[in-house]
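Peer 1: Here is what each chain is made of, one letter per residue.
2 protein chains.
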Amino acid sequence: MPSVVPEFEAANEKYVASFTKGDLPLPPGRKVAVVACMDARLDPAKALGLEEGDAHVIRNAGGRTIDALRSVVISQQLLGTREIVIVHHTDCGMLTFSDTDIKAKIRDDLNENADHIAFLPFGDLRKSVLDDIEILKKSPLVLDVPITGYIYDVKTGKVDKVKE
Amino acid sequence: MPSVVPEFEAANEKYVASFTKGDLPLPPGRKVAVVACMDARLDPAKALGLEEGDAHVIRNAGGRTIDALRSVVISQQLLGTREIVIVHHTDCGMLTFSDTDIKAKIRDDLNENADHIAFLPFGDLRKSVLDDIEILKKSPLVLDVPITGYIYDVKTGKVDKVKE
Numbered sequence: 203m204p205s206v207v208p209e210f211e212a213a214n215e216k217y218v219a220s221f222t223k224g225d226l227p228l229p230p231g232r233k234v235a236v237v238a239c240m241d242a243r244l245d246p247a248k249a250l251g252l253e254e255g256d257a258h259v260i261r262n263a264g265g266r267t268i269d270a271l272r273s274v275v276i277s278q279q280l281l282g283t284r285e286i287v288i289v290h291h292t293d294c295g296m297l298t299f300s301d302t303d304i305k306a307k308i309r310d311d312l313n314e315n316a317d318h319i320a321f322l323p324f325g326d327l328r329k330s331v332l333d334d335i336e337i338l339k340k341s342p343l344v345l346d347v348p349i350t351g352y353i354y355d356v357k358t359g360k361v362d363k364v365k366e
Numbered sequence: 203m204p205s206v207v208p209e210f211e212a213a214n215e216k217y218v219a220s221f222t223k224g225d226l227p228l229p230p231g232r233k234v235a236v237v238a239c240m241d242a243r244l245d246p247a248k249a250l251g252l253e254e255g256d257a258h259v260i261r262n263a264g265g266r267t268i269d270a271l272r273s274v275v276i277s278q279q280l281l282g283t284r285e286i287v288i289v290h291h292t293d294c295g296m297l298t299f300s301d302t303d304i305k306a307k308i309r310d311d312l313n314e315n316a317d318h319i320a321f322l323p324f325g326d327l328r329k330s331v332l333d334d335i336e337i338l339k340k341s342p343l344v345l346d347v348p349i350t351g352y353i354y355d356v357k358t359g360k361v362d363k364v365k366e
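Line by line, the protein sequences give chains A and B. In terms of the numbering used here, the first sequence is residues 203 to 366. In terms of the numbering used here, the second sequence is residues 203 to 366.
Just chain A, same shape as in the assembly (with noise of 0.2 Å):
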């Protein structure tokens, strides 16, 4: 399969090549951090509005909170972001499988045993907003700062509130 490398070089070239933000400082400019899924039709800086030295954007499978906390922390206490905005969205990948069934798969096609990861999928896309919200909230290591959580639709490019 042909690397990615060369068309990620060839396309970073362009971006230099009109580049103007080479001034920007270290802490987020609107003082947030948004904690997004890793999914790929997902950008979030696209769908927020996200300039360069907006924003701190952490991503992972599923957008899970409880796996951002070192980021959201660092975030808080050294940057000073003082709000945070969740974003899962429609069709995602953890809504497909269970903690025991990637465990399988690992063990059959790797011949590994994974039991010392949570791989945090989910039955329940609102809710899982709601519980990653309620998990920032009740950390001790995070600020009492303002949380919206939002569902994206891939099909449709919108951002959805969830309200408890």
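Check each hint, because a few of them may be wrong.
Pairs involving identical chains hold if they fit within one copy or between any two copies, as the list cannot separate such chains.
Taking lysine-lysine and the DSS-like style, the derived pairs with C-alpha atoms no more than 27 Å apart in a straight line are [claimed, not checked]: (1) Lys-248 with Lys-357; (2) Lys-305 with Lys-248; (3) Lys-248 with Lys-216; (4) Lys-305 with Lys-363.
In case anyone wonders, no lab produced these hints; they're calculated from the structure.
Since chain A is already given, all that's left is putting chain B on it; use the hints.
Peer 2: Frame of chain A, contents of chain B only:
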């Protein structure tokens, strides 16, 4: 402090109005997972030429791969990615503190003990990329796929490949 929420939602309305990517499949089209720092000045999609649907983008403080392992395994085992690209960057916040520093700050400011978290700062940027490639290569849960590490220069937008 005013919330970013109204601005995010207004930006999303504009995104939706010109959205044309509603039919993308779940697995990343370019079969690659990008592991990058959460830094606000880095937009991996813009810097590497990623369109919606192309790649998993995993981001955390420092772009540390040990903290991305759950997501990388899901990306490979369930969604078929077969290449990994790591992006750390110049002027990273992770170069500015020690694990001891942040734990002391949390004790002082929040009166909480964070000794159970490894915050994963680093003192040598180039070495952080090589270490993070090595962590993936040594993990029995990660497939033997091409892994490329870059340092993104926040002053120029350029990515430089880190060679061993």
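Peer 1: Hint by hint, note whether the structure agrees.
Peer 2: A quick look at each hint next to the structure:
no.	hint	result
1	Lys-248 with Lys-357	both (15 Å within a copy, 22 Å between copies)
2	Lys-305 with Lys-248	neither (34 Å within a copy, 35 Å between copies)
3	Lys-248 with Lys-216	both (19 Å within a copy, 10 Å between copies)
4	Lys-305 with Lys-363	neither (33 Å within a copy, 34 Å between copies)
Of the numbered hints given earlier, the model fails hints 2 and 4; all others are met.
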